[in-house]
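Colleague: We have chain A; now place chain B onto it with these hints.
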Amino acid sequence: MRGKADARSLAARLGAGPWPVYCTLILALLVPLSTNQYTQFIVNLILVYVVVAVGFNIVIGNLGQLAFTSTTCFGIGAYTTAILMVHVSLPFWVALPGGAIMGAIAGVLASATALRGIRVYYLAIITLALGELMRWVYIHADTLTRGTDGLAVPVANFFGFPFDSEIKRYYLFLAIAVAVVKSTSNLLRSRIGRAIAAIRDNELATASLGIATGQYIIAAFVWSGFVVGIAGGMFALLIGRVAPESFDLTELIFHFAMVMVGGLGSLAGSVLGAITLTALPEFFRSLPGLEEMLFGVLVAVVLLFRPKGLASFFAAFLPPFRQRFCRPDS
Amino acid sequence: MLYQLLISGIAQGSIYALVALSLTVVYRGTTIVNFGHGDMVMAGAFVAYACVVLLGMPFAPAALAALALLFVLGWAVQRGLIEPIKAGPHIGFAMMSIAVGYVLRGTVRAGWGREVLPMPRVFDVSPLVVGDVVLTGDAIVFVGAVATFMIVFFLILYRTQLGQIVQAVFQSERGAALVGINVGAFHGATWGLGGGMAAVAGVLLAPVTLLYPDLGANFLIRGFAAMTLGGFGSLLGAVTGGLLLGMTEQLLGGYVSTKLIDIAAYLVIIAVLVLKPNGLFGRTAVVRV
Numbered sequence: 003m004r005g006k007a008d009a010r011s012l013a014a015r016l017g018a019g020p021w022p023v024y025c026t027l028i029l030a031l032l033v034p035l036s037t038n039q040y041t042q043f044i045v046n047l048i049l050v051y052v053v054v055a056v057g058f059n060i061v062i063g064n065l066g067q068l069a070f071t072s073t074t075c076f077g078i079g080a081y082t083t084a085i086l087m088v089h090v091s092l093p094f095w096v097a098l099p100g101g102a103i104m105g106a107i108a109g110v111l112a113s114a115t116a117l118r119g120i121r122v123y124y125l126a127i128i129t130l131a132l133g134e135l136m137r138w139v140y141i142h143a144d145t146l147t148r149g150t151d152g153l154a155v156p157v158a159n160f161f162g163f164p165f166d167s168e169i170k171r172y173y174l175f176l177a178i179a180v181a182v183v184k185s186t187s188n189l190l191r192s193r194i195g196r197a198i199a200a201i202r203d204n205e206l207a208t209a210s211l212g213i214a215t216g217q218y219i220i221a222a223f224v225w226s227g228f229v230v231g232i233a234g235g236m237f238a239l240l241i242g243r244v245a246p247e248s249f250d251l252t253e254l255i256f257h258f259a260m261v262m263v264g265g266l267g268s269l270a271g272s273v274l275g276a277i278t279l280t281a282l283p284e285f286f287r288s289l290p291g292l293e294e295m296l297f298g299v300l301v302a303v304v305l306l307f308r309p310k311g312l313a314s315f316f317a318a319f320l321p322p323f324r325q326r327f328c329r330p331d332s
Numbered sequence: 026m027l028y029q030l031l032i033s034g035i036a037q038g039s040i041y042a043l044v045a046l047s048l049t050v051v052y053r054g055t056t057i058v059n060f061g062h063g064d065m066v067m068a069g070a071f072v073a074y075a076c077v078v079l080l081g082m083p084f085a086p087a088a089l090a091a092l093a094l095l096f097v098l099g100w101a102v103q104r105g106l107i108e109p110i111k112a113g114p115h116i117g118f119a120m121m122s123i124a125v126g127y128v129l130r131g132t133v134r135a136g137w138g139r140e141v142l143p144m145p146r147v148f149d150v151s152p153l154v155v156g157d158v159v160l161t162g163d164a165i166v167f168v169g170a171v172a173t174f175m176i177v178f179f180l181i182l183y184r185t186q187l188g189q190i191v192q193a194v195f196q197s198e199r200g201a202a203l204v205g206i207n208v209g210a211f212h213g214a215t216w217g218l219g220g221g222m223a224a225v226a227g228v229l230l231a232p233v234t235l236l237y238p239d240l241g242a243n244f245l246i247r248g249f250a251a252m253t254l255g256g257f258g259s260l261l262g263a264v265t266g267g268l269l270l271g272m273t274e275q276l277l278g279g280y281v282s283t284k285l286i287d288i289a290a291y292l293v294i295i296a297v298l299v300l301k302p303n304g305l306f307g308r309t310a311v312v313r314v
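Going down the list, the protein sequences come from chains A and B.
Residue numbers for the first sequence follow our numbering, beginning at 3 and rising by one.
Residue numbers for the second sequence follow our numbering, beginning at 26 and rising by one.
None of these hints come from the bench; they were simulated from the model.
Wrong hints could be hidden among the right ones.
Simulated pairs of lysine to any residue, SDA-like, Cα-Cα distance not exceeding 20 Å [said to hold, decoys possible]:
#	chain 1	residue 1	chain 2	residue 2
1	B	Lys111	B	Tyr52
2	B	Lys301	A	Arg121
3	B	Lys111	A	Leu300
4	B	Lys284	A	Leu135
Quick caveat: nothing in here was measured; it's all calculated off a predicted structure.
The shape of chain A in the complex, shown without the other chains (with noise of 0.2 Å):
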């Protein structure tokens, strides 16, 4: 008995620990020693969608909009990204930044119009709207983006070291992912977080307890834009060409998926939703429709029974760790 109340509290400490992190982190750094050539761009896919993941939640999740920001902060990053890098030949740690820094700038275009009282659907519709007008400018803009053939992005070069194999590129980006885990973690922690949780439950009420809303719906835009512009930049890193058929709706629609299947809300959810959407398809390559009609199941699944996402299924079987995986409401 005594010992069973032990292990019961030991683990919950443990839970509440960081361990499940240190763990995780341990054994992403041992990954490229199982995977090959192939396997291995997978997974710096996989991380790619981890960052856009968390930035595309902050706004749907975290903050309860309906907006479809996401292909165009996605895209923005990635043709400012490799802009500069073709067009400006700066380094890639100088157009990664500026990529992410256009994309937070789109952010604030698009909370503009969620200020101006467009909500909902309405909201919906016109971050949608913008988000394909933007593919027609990559289409049409060739001089800068060379239209639908694409714009071939240059090897990631840091002072003479190149980033010219998929595990170098995979290191690099593990690092920028946990960079945006963290620091996303620490900002939904802080006083930003707690009034954009509080936006998303009663805007109204929070507005009257003199928390001045409007800036903090600019803020998770601008937070989400900058993140989501990061993948961006990353994309047209790891891809080598960057093209308008990259950011259509299909792409949003993954984007969106990966947030619901994951969890809204949750920072571990996020990362689940992107590692089991990238890489289910992988599985299923061989027959067409077949793909899609999973990913529709799938969704239609997680949605029906488990409304919180994959990270409330965790949570179910492992009680430590649900703090960590589920935001407190749930």
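Modeller: Then chain B, alone, in the frame of chain A:
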């Protein structure tokens, strides 16, 4: 030139009007925007195609089959997938309707692969020439079919008991439930009607355009643009918005640049929502505190 562009704009716009009207019916009936609606249009077209080409049915029964099948599909989606998550946020509804669209698209792609399919022509209406304006046979069929459908729809809505039930639920779900209307069944029927109307649009499109699994997205966005332009949630606005959008596209394409045809819908959405979010016929929403 101007009249020719306006005529082809109306022909194109009548399909947008139909799509926008069905989106609006579902939105007004259940407060949900169906993001999978474009794929339902696509599914309707493919059912008609399958019946005509594979089963050798004449066009009329094929069209009826598409309508019936999509009605059942819409009904089943509402009852089986939307109703259980009703208590959740709107984000969930959006994702669920997208998921339904993906399953439809995947099913069609699994059946037909990645080819683009032409369907044998069925409407053989000879073109009408008035002065220097040519009314193509397709335009006559489109406008005629959509106009007939709309007249029947609005007559039922405003002149029959069934229409009064619909209007009652549109106004207040709770009130309708209190006077004995089965709101649950009504929601299912609304989605069924939405699916059926998507099938009508698909069936009309099938013989005149090339069919491919991704054709729905275009119609979804244009349906949204028409709804926004006319006023979100207004039935008459959806129809007007669709026709105006069709004409805007053609005029922009004819007088400015054909490149603009593709983005006319996005520009309309952004302009309307920024300048006059209620559109032409929409009422200002009152926020109660």
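Colleague: Now look at each hint and say whether the structure bears it out.
Modeller: So, going through the hints one by one against the coordinates:
1. B:Lys111 <-> B:Tyr52: The given pair, whose Cα atoms are some 14 Å apart, holds under the 20 Å limit.
2. B:Lys301 <-> A:Arg121: 14 Å, holds
3. B:Lys111 <-> A:Leu300: It holds: about 19 Å lies between the C-alpha atoms, which stays within 20 Å.
4. B:Lys284 <-> A:Leu135: 12 Å, holds
In summary, the structure agrees with every hint in the numbered list given earlier.
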